[in-house]
Amino acid sequence: MNFTPPKGTDDIFPPTSRAWRRTLIIWENLAERYGYDLVMGPIFESTDVFARGVGESTEVVQKQMYTFEDKGGRSLTLRPEGTASVVRAFLGSGVQGEMKLAYSGPMFRYERPQAGRRRQFYQTGVEYLATAAPDADAEVIEIGYRFLEELGFPAVEVALNSIGDAACRPAYVEALRIYLNEKRELLCDESLATLETNPLRVLDCKVCAPHLIDSPKAVDYLCGECASHFASIRERLDGVGVPYRLEPRLVRGLDYYTRTAFEYIATGFDAAQNAVGGGGRYDGLAETLGGPAVPGVGLAMGIDRILLAAGQTGADIAPLDLFVVVASPELRERAAGFLSDLRRAGVRADMTPDQRSVKAQFRAANRRKATGAAIIGDEWNSSRVVVRNLTTSIQELISVEEVAEWAKNNR
RNA sequence: GUGGCCGUAGCUCAGCUUGGUUAGAGCACCUGGUUGUGGUCCAGGAUGUCGCGGGUUCGAAUCCCGUCGGUCACCCCA
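Going by the working numbering, the first residue of the first sequence is number 9, and it counts up by one from there.
Honestly, the hints are just simulated from the structure, not real lab data. Mixed in with the good hints, there may be bad ones.
Stated by the list, open to error - Listed next, the in silico DSS-like pairs over lysine-lysine satisfying Cα-Cα at most 30 Å (straight line):
id, residue 1, residue 2
1, 15, 79
2, 214, 377
3, 71, 191
4, 214, 225
5, 377, 367
6, 191, 225
7, 416, 367
8, 71, 15
9, 15, 214
10, 377, 416
11, 191, 214
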């Protein structure tokens, strides 16, 4: 084999793909129950959508975009995140009033791969658009938490912060700049550089963090409106029973965030990339994209990281309830009809594509991780079938009509 | 973009330090033991450009240089 997947991309193959399928089904179901309609858009956009939406100064735009020119000379970019495109689509739709949208799909960033960081990675997310109400923030934070909960995710922390808005953030940034300047000799070279361009992000630096524990907190500089918005979110989260931890140093790397910022941290996961989801409010994004002032709040969950952190291989998820074993060639046609009946009755069933020895068919059943087998043999003439529980090896003779029910109970 | 580690059978790896007969193991796969019973057990079977290129040497999986790929971390984020 000469071809391997491009650097930083993965073939998601059985049995691992079983956990993916299960995870995405849980996601779709959850989003629907919370009232989020599906939105699907292009996987590439005009480069400007991201350059302006995400922010020219961000790492993502400066170094990580897959940008190319098409045959018409247009500059296009594989989407590095979902929010900017969804907001672009919303603005283009002409919809008035609030809207709740859910999306799901691959994103692309050109980076050096490592555990939990790929060049193509998969995000599911929601955007609650055209509302500035704090309940929307709380609901979005809740849905991410419930998602992890329904997946049986082992240990997760919700980190929450408010970074203010255009009215109050400048005063905070100024206070932070003064503080950081006083600590200049403690900062690493890179932080000294980012101090000039974006002081907020110095707080992200792992090297400098120990020296910055007494840094000014954004929450102490919030204006009245931002402060009450933040308080309402916390109240609502308490009300619905979503635990969170206030994290004054939480700053996100995309420029469009205002007020609310949050992340889901997988605790006890020993890889460096343990943020399995994140999001925030972006009240200025729509205007940045040339539209009217449309507030919004959203989140993105990193499916690759969630499955990595959960340690799921999918090996324990049985893909088949019943394997149909055909004892002799004459019965094959009857068996095929029987198989079709079972499948239409909701049983996950299969058989080998051609006639083989019974032994080989059982081996196939075992390889396919079927939990049960049904033997189509002489008993068929009296409308009976031998069913075998492949876990316990107990088998019994039951009537044809009972097989579908038996198979479902045998899962 | 910077740095550490690793490339040997389909998979996981041993062998490399101290170069030398046919390069090994486990798992997986195939056949049989069981002419209607898998998974377990027993017997047998197939499997390799030792990542690639060059160098040193009588001789290289083993030493040296280069290169490509993977992986982890920094950075940033999902």
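Evaluation of the provided hints:
1. As the CA atoms of residue 15 and residue 79 are separated by approximately 25 Å, the hinted pair is consistent with the 30 Å bound.
2. A hinted pair counts as satisfied when its Cα atoms are at most 30 Å apart, and residue 214 with residue 377 does not qualify at roughly 45 Å.
3. Taken as a hint, the residue 71 and residue 191 pair is honoured in the structure, with Cα atoms around 29 Å apart against an allowance of 30 Å.
4. Among the hinted pairs, residue 214 with residue 225 is consistent with the structure: their alpha-carbon atoms are about 17 Å apart, no more than 30 Å.
5. Using a Cα cut-off of 30 Å, the hinted pair residue 377 and residue 367 holds, with the two alpha carbons roughly 16 Å apart.
6. For the hint pairing residue 191 with residue 225, the CA-to-CA distance comes to about 16 Å; that is within 30 Å, so the pair holds.
7. Taking the CA atoms of residue 416 and residue 367, the gap is near 24 Å; set against the 30 Å cutoff, the hint holds.
8. The suggested pairing of residue 71 with residue 15 holds, with an alpha-carbon distance near 16 Å, which does not exceed 30 Å.
9. For the proposed pair residue 15 and residue 214, the alpha carbon gap of about 27 Å is at most 30 Å, so the pair holds.
10. Taking the CA atoms of residue 377 and residue 416, the gap is near 15 Å; set against the 30 Å cutoff, the hint holds.
11. The straight-line distance between the Cα atoms of residue 191 and residue 214 is roughly 15 Å, inside the 30 Å bound, and the hint therefore holds.
This entry does not satisfy hint 2, going by the numbered hints stated previously; all others are met.
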